[in-house]
Amino acid sequence: MNKKQQEPLFHIAKRGALPWTKTWAIRGGAVLLALIACALITTFVTGENPLQVYASIWNGSFGTSRKVWVLLQNVAMLLCVSLAVTPAFRMRFWNIGGEGQALIGGLAAAACMILLPGKLPNWAIILCMTLSSVLAGAIWAGIPAFFKAKWNTNETLFTLMMNYVATQLVAYYCVVWESPKGSGNIGIINPNTQLGWFPQIGSYKYLLNILIVAAVCLAMYVYLNYSKHGYEISVVGESERTARYVGIKVDRVIIRTMLLSGAVCGLAGLLLVGSTNHTLTPTIVDGRGFTAVMVSWLAKFNPVWMILTSFLLVFLQRGAGEIATNFGLNQSFGDILTGVILFFIIGSEFFINYRIIFRRKAVKEEGKPHV
Amino acid sequence: MDNKIPAVTMRNITKRFGPVLANDKVWLNIYRGEILALLGENGSGKTTLMNMLSGIYFPDEGEIAIDGKEVVIRSPKDAFDLGVGMIHQHFKLVDVLTAAENVVLGLPGKLDLKAATEKIRAICEAYGFEVDPNQKVYNMSVSQKQTVEIVKVLYRGADILILDEPTAVLTPQETDKLFAVLRNMRNDGKAIVIITHKMHEVEALSDRVAVLRQGQFIGDMPTKNTNAQEMTNMMVGHPVVLNIERPEPKNPRPRIEVKGLTVRSIDGILKLDDVSFTANSGEILGIAGISGCGQKELLEAIAGLQPVEKGSIRYVEDDGSSEELLGKDPLSIQQMGVSLSFVPEDRLGMGLVANMDLSDNMMLRSFRRGRSFFTDRKSPRALAENVVRELEVVTPGVSTPVRRLSGGNVQKVLVGREIASAPTVLLTAYAVRGLDINSSYTIYDLINKQKQAGVAVIYVGEDLDVLLELADRILVLCGGKVSGILPGRGAKKREVGLMMTKLGGEAADE
Numbered sequence: 001m002n003k004k005q006q007e008p009l010f011h012i013a014k015r016g017a018l019p020w021t022k023t024w025a026i027r028g029g030a031v032l033l034a035l036i037a038c039a040l041i042t043t044f045v046t047g048e049n050p051l052q053v054y055a056s057i058w059n060g061s062f063g064t065s066r067k068v069w070v071l072l073q074n075v076a077m078l079l080c081v082s083l084a085v086t087p088a089f090r091m092r093f094w095n096i097g098g099e100g101q102a103l104i105g106g107l108a109a110a111a112c113m114i115l116l117p118g119k120l121p122n123w124a125i126i127l128c129m130t131l132s133s134v135l136a137g138a139i140w141a142g143i144p145a146f147f148k149a150k151w152n153t154n155e156t157l158f159t160l161m162m163n164y165v166a167t168q169l170v171a172y173y174c175v176v177w178e179s180p181k182g183s184g185n186i187g188i189i190n191p192n193t194q195l196g197w198f199p200q201i202g203s204y205k206y207l208l209n210i211l212i213v214a215a216v217c218l219a220m221y222v223y224l225n226y227s228k229h230g231y232e233i234s235v236v237g238e239s240e241r242t243a244r245y246v247g248i249k250v251d252r253v254i255i256r257t258m259l260l261s262g263a264v265c266g267l268a269g270l271l272l273v274g275s276t277n278h279t280l281t282p283t284i285v286d287g288r289g290f291t292a293v294m295v296s297w298l299a300k301f302n303p304v305w306m307i308l309t310s311f312l313l314v315f316l317q318r319g320a321g322e323i324a325t326n327f328g329l330n331q332s333f334g335d336i337l338t339g340v341i342l343f344f345i346i347g348s349e350f351f352i353n354y355r356i357i358f359r360r361k362a363v364k365e366e367g368k369p370h371v
Numbered sequence: 001m002d003n004k005i006p007a008v009t010m011r012n013i014t015k016r017f018g019p020v021l022a023n024d025k026v027w028l029n030i031y032r033g034e035i036l037a038l039l040g041e042n043g044s045g046k047t048t049l050m051n052m053l054s055g056i057y058f059p060d061e062g063e064i065a066i067d068g069k070e071v072v073i074r075s076p077k078d079a080f081d082l083g084v085g086m087i088h089q090h091f092k093l094v095d096v097l098t099a100a101e102n103v104v105l106g107l108p109g110k111l112d113l114k115a116a117t118e119k120i121r122a123i124c125e126a127y128g129f130e131v132d133p134n135q136k137v138y139n140m141s142v143s144q145k146q147t148v149e150i151v152k153v154l155y156r157g158a159d160i161l162i163l164d165e166p167t168a169v170l171t172p173q174e175t176d177k178l179f180a181v182l183r184n185m186r187n188d189g190k191a192i193v194i195i196t197h198k199m200h201e202v203e204a205l206s207d208r209v210a211v212l213r214q215g216q217f218i219g220d221m222p223t224k225n226t227n228a229q230e231m232t233n234m235m236v237g238h239p240v241v242l243n244i245e246r247p248e249p250k251n252p253r254p255r256i257e258v259k260g261l262t263v264r265s266i267d268g269i270l271k272l273d274d275v276s277f278t279a280n281s282g283e284i285l286g287i288a289g290i291s292g293c294g295q296k297e298l299l300e301a302i303a304g305l306q307p308v309e310k311g312s313i314r315y316v317e318d319d320g321s322s323e324e325l326l327g328k329d330p331l332s333i334q335q336m337g338v339s340l341s342f343v344p345e346d347r348l349g350m351g352l353v354a355n356m357d358l359s360d361n362m363m364l365r366s367f368r369r370g371r372s373f374f375t376d377r378k379s380p381r382a383l384a385e386n387v388v389r390e391l392e393v394v395t396p397g398v399s400t401p402v403r404r405l406s407g408g409n410v411q412k413v414l415v416g417r418e419i420a421s422a423p424t425v426l427l428t429a430y431a432v433r434g435l436d437i438n439s440s441y442t443i444y445d446l447i448n449k450q451k452q453a454g455v456a457v458i459y460v461g462e463d464l465d466v467l468l469e470l471a472d473r474i475l476v477l478c479g480g481k482v483s484g485i486l487p488g489r490g491a492k493k494r495e496v497g498l499m500m501t502k503l504g505g506e507a508a509d510e
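These protein sequence lines map, in sequence, to chains A and B. Quick note on numbering: the first sequence equals residues 1 to 371 in this note's numbering. Quick note on numbering: the second sequence equals residues 1 to 510 in this note's numbering.
What the hints contain is simulated information worked out from the structure, not anything from laboratory work. Certain hints may be false.
[Said to hold, decoys possible] As a list, the in silico DMTMM-like pairs of lysine to aspartate or glutamate whose alpha-carbon atoms are at most 20 angstroms apart: (1) K14/A <-> D220/B; (2) K328/B <-> D286/A; (3) K150/A <-> D267/B; (4) K492/B <-> D463/B; (5) K150/A <-> E48/A; (6) K177/B <-> D188/B; (7) K77/B <-> E101/B; (8) K481/B <-> D445/B; (9) K378/B <-> E390/B; (10) K228/A <-> D376/B; (11) K14/A <-> D24/B; (12) K310/B <-> D267/B; (13) K177/B <-> E125/B; (14) K145/B <-> E165/B; (15) K250/B <-> D445/B; (16) K228/A <-> E240/A; (17) K4/B <-> E101/B; (18) K224/B <-> E201/B; (19) K150/A <-> D329/B; (20) K481/B <-> E257/B; (21) K249/A <-> D329/B; (22) K328/B <-> E240/A; (23) K493/B <-> D176/B; (24) K110/B <-> E125/B; (25) K14/A <-> E61/B.
[What the hints assert, rightly or not] Here are the computed distance ranges between Cβ atoms for each label pair: (26) A171/A <-> V96/B: 46 to 54 angstroms; (27) L111/B <-> T156/A: 36 to 44 angstroms; (28) G18/B <-> L40/A: 15 to 23 angstroms.
All values reported here derive from a predicted model rather than from experimental measurement. Every residue gets a Cβ at the ideal spot worked out from N, C-alpha and C, and that includes glycine.
Could you build the full structure based on these sequences and the hints that come with them?
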């Protein structure tokens with residue numbers, strides 16, 4: 001008999017459900033491996049001591065109490081946009097227009113701050129800002145939803161394009177409302193009167209934002225998991241045919257959910273303009289509309305897990321910035337490390353769902369089977 | 001036969017999917033010049049076993065030998081090289097290409113369609129296939145597509161053929177034709193394995209049967225030494241009764257009146273053409289027809305899911321008053337107080353949500369109840385537990401996603417939910433498709449109980465033998481038209497089969 005044909009080196013088999021301890025052990029292992037890989041890359045590419053680089057990443061987030069507050073504020077804002085896109089994602093409506101929806105919300109808030117002082121008292125300005133940003137975000141998301149519901153247009157492209165429209169609108173108004181003249185920037189709005197600025201809780205500049213987002217997170221969790229609306233969203237997301245079969249009006253659910261999605265994005269824009277920055281720039285949302293997609297996916301669309309994933313991403317981002325300044329490295333090097341870590345974390349999901357079976361040694365030991 | 005070298009020997013084959021043991025140390029011999037029927041209930045591992053032979057899965061343990069020589073099959077290509085070809089339940093053809101183009105698709109070497117066409121003609125001639133190599137696949141009937149699949153496999157030189165439930169989509173006449181071809185191939189010395197659920201086909205066609213149960217090999221024997229009852233008992237593991245009851249309808253009165261129903265698909269193709277009939281309470285109206293000749297549209301139109309061009313569908317109350325159902329969606333039908341249940345053909349894509357658990361699936365019908373903004377989770381859960389208990393659904397619990405359940409249990413969950421609302425009309429489409437014998441009989445029982453409770457049942461079926469045993473009246477559809485309505489008692493299979501392919505079934509004898 002000829003030499004035995006080679007069995008494949010390994011083959012892949014699906015796993016059953018693993019206990020949560022094992023799944024987290026796999027994820028933990030992935031992070032550990034990611035850190036080792038990053039350390040190797042760091043030493044190899046830059047010659048820096050990887051431990052110092054890690055310490056620096058840590059310091060970027062936790063070095064001083066101010067840095068911790070900045071970290072929390074950034075986590076809150078990213079979480080807010082992520083929460084906003086999640087109901088749409090649960091419906092399998094790929095809203096990648098969070099960026100534009102938040103930006104347009106910010107534009108509405110800024111417009112109120114600039115145009116209303118002198119006409120209304122401060123509390124009324126803040127109320128107008130809130131209403132108009134939420135409404136603006138909702139409209140910005142409602143337009144693609146309407147087209148999707150009526151004519152089944154592609155929501156991904158549509159929401160993406162709406163981002164550019166929003167960015168250009170903001171860029172336009174930045175020139176219209178520029179201050180000082182000729183700068184092309186709006187600058188801090190109402191720096192002296194502080195009209196339209198959100199109140200500060202004690203001496204904590206960012207606490208209000210964090211509390212608001214925490215409340216939104218809780219509300220979103222309950223809405224998605226325990227309300228009739230949330231149930232309809234899940235059914236539409238899983239199967240539109242099933243939804244129709246049980247008499248759910250799919251069009252209505254799509255539009256309603258996107259209005260909500262956009263409204264929460266508008267809220268994020270409001271918080272960025274009214275509470276955090278007190279100004280408006282075309283880049284004020286800072287890519288969070290896109291990062292939110294990853295936050296939401298990594299957390300499997302669960303609002304509570306999203307606290308963790310948004311924390312992870314902001315932590316990595318801050319760390320990347322820190323090593324860029326400390327070691328005189330390019331910011332891109334931090335991004336490389338972030339990419340490597342995410343690669344490992346996302347890749348670990350494969351090992352949670354599948355196992356790899358290597359060729360058994362026994363086959364060789366048995367040698368030739370009986371003929 | 002004992003001293004022949006088997007074409008295929010599978011030894012000690014084990015395959016796991018997560019915690020599920022799909023095949024457990026299975027031994028199987030396949031011989032040339034023989035048609036082997038591989039029997040087993042759903043989830044008994046027949047398809048998995050054959051998928052390993054055809055290179056789709058790789059066994060976790062065990063060996064495969066072809067003609068006595070041990071081989072390793074890593075991919076479908078390896079399988080082809082060894083002469084193993086599988087015809088799957090779902091065809092894998094490119095619609096816009098011709099039969100010949102589909103056959104040569106993916107083959108190495110220079111493309112020579114002319115030579116290929118010649119070779120295809122030769123194959124067809126040798127075994128009695130009827131296929132035009134230059135016909136486009138989208139113009140073909142299901143049975144023609146299947147023929148192309150078989151020719152494709154033969155063209156590549158396969159002499160070990162595996163057919164996975166080939167007759168599920170065929171009319172009786174087409175089945176006969178297929179069987180004739182398979183016999184020709186057997187006589188030509190090919191090894192043929194056919195996976196099927198239908199006992200009478202096993203008896204009519206196969207030379208030997210092998211039975212699997214829960215992933216284990218139970219036994220094999222020559223077909224002539226056994227019978228349907230014995231084979232069924234082996235498959236199920238305990239004696240079962242193979243009779244479908246048909247109680248006399250009690251006090252039937254009109255419940256659904258359909259008149260002149262005409263439906264066009266989005267592409268403007270006429271799907272139903274002037275269909276009229278009445279479904280009575282306490283009666284099972286069977287609908288027979290080749291797949292795709294309007295059954296789906298008919299049920300969906302009644303359920304309020306299908307836009308209709310013209311006609312009327314009236315729901316008749318006990319007191320004789322009637323209401324129009326047409327133009328209403330499922331929600332407004334429900335709000336009219338009409339309790340209409342629908343077990344659709346596509347269980348996991350329409351009737352249930354695959355990723356949701358049992359109790360969330362129960363909620364699909366009831367979640368709107370009450371004024372609260374929040375859903376009531378308790379009563380669906382209770383209903384789910386009830387269905388699991390009463391219909392003996394095999395599941396780890398009511399919190400298990402339904403996609404993890406086997407086909408029979410999925411159907412029990414769906415039927416259980418649909419009859420829980422005490423319907424007055426029950427529409428079922430292919431209620432036992434893909435279900436094993438045990439589950440099928442459970443479903444027949446449930447449907448009969450509904451009928452006895454006075455429900456008007458409309459039963460779309462594909463197994464004519466069952467339809468003839470179960471239905472009180474049979475409506476035969478042919479190309480979207482009513483070919484005839486006949487009483488179920490005394491109807492002949494041949495007659496119904498002809499009506500399915502030809503309006504009215506005239507010119508009955510060729």
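*asked:* Against the 20 angstroms threshold, does the CA-CA distance of K310/B and D267/B hold or violate the hint?
replied: holds (17 angstroms)
*asked:* Against the 20 angstroms threshold, does the CA-CA distance of K14/A and D24/B hold or violate the hint?
replied: Given that 20 angstroms is the threshold and the Cα spacing comes to 17 angstroms, the pair holds.
*Starting from the hint 46 to 54 angstroms, judge whether the C-beta atoms of A171/A and V96/B obey it.*
holds (47 angstroms)
*Verify the proposed pairing of K228/A with E240/A, using a straight-line Cα cut of 20 angstroms.*
holds (16 angstroms)
*asked:* Check the hint pairing K14/A with D220/B against an upper bound of 20 angstroms on the C-alpha distance.
replied: Violated - the C-alpha atoms of D220/B and K14/A are around 31 angstroms apart, more than 20 angstroms.
*asked:* Checking one constraint from the list: CA of K228/A to CA of D376/B, max 20 angstroms. Satisfied?
replied: holds (9 angstroms)
*Straight-line Cα separation of K110/B and E125/B no greater than 20 angstroms?*
violated (25 angstroms)
*When you check the alpha-carbon spacing of K177/B and E125/B, does it fall within 20 angstroms?*
holds (14 angstroms)
_Holds or violated: K77/B to E101/B, with C-alpha atoms at most 20 angstroms apart_ = holds (19 angstroms)
*Quickly compare the C-alpha distance for K481/B and D445/B to 20 angstroms and report which way the hint goes.*
violated (30 angstroms)
*Between K328/B and E240/A, is the straight-line Cα distance small enough, at 20 angstroms or below?*
holds (18 angstroms)
_Hint consistency between K249/A and D329/B [alpha-carbon to alpha-carbon, up to 20 angstroms]_ = holds (9 angstroms)
Taken one by one, the earlier hints fail for this structure at numbers 1, 2, 5, 8, 17, 24, 28, listed in ascending order.
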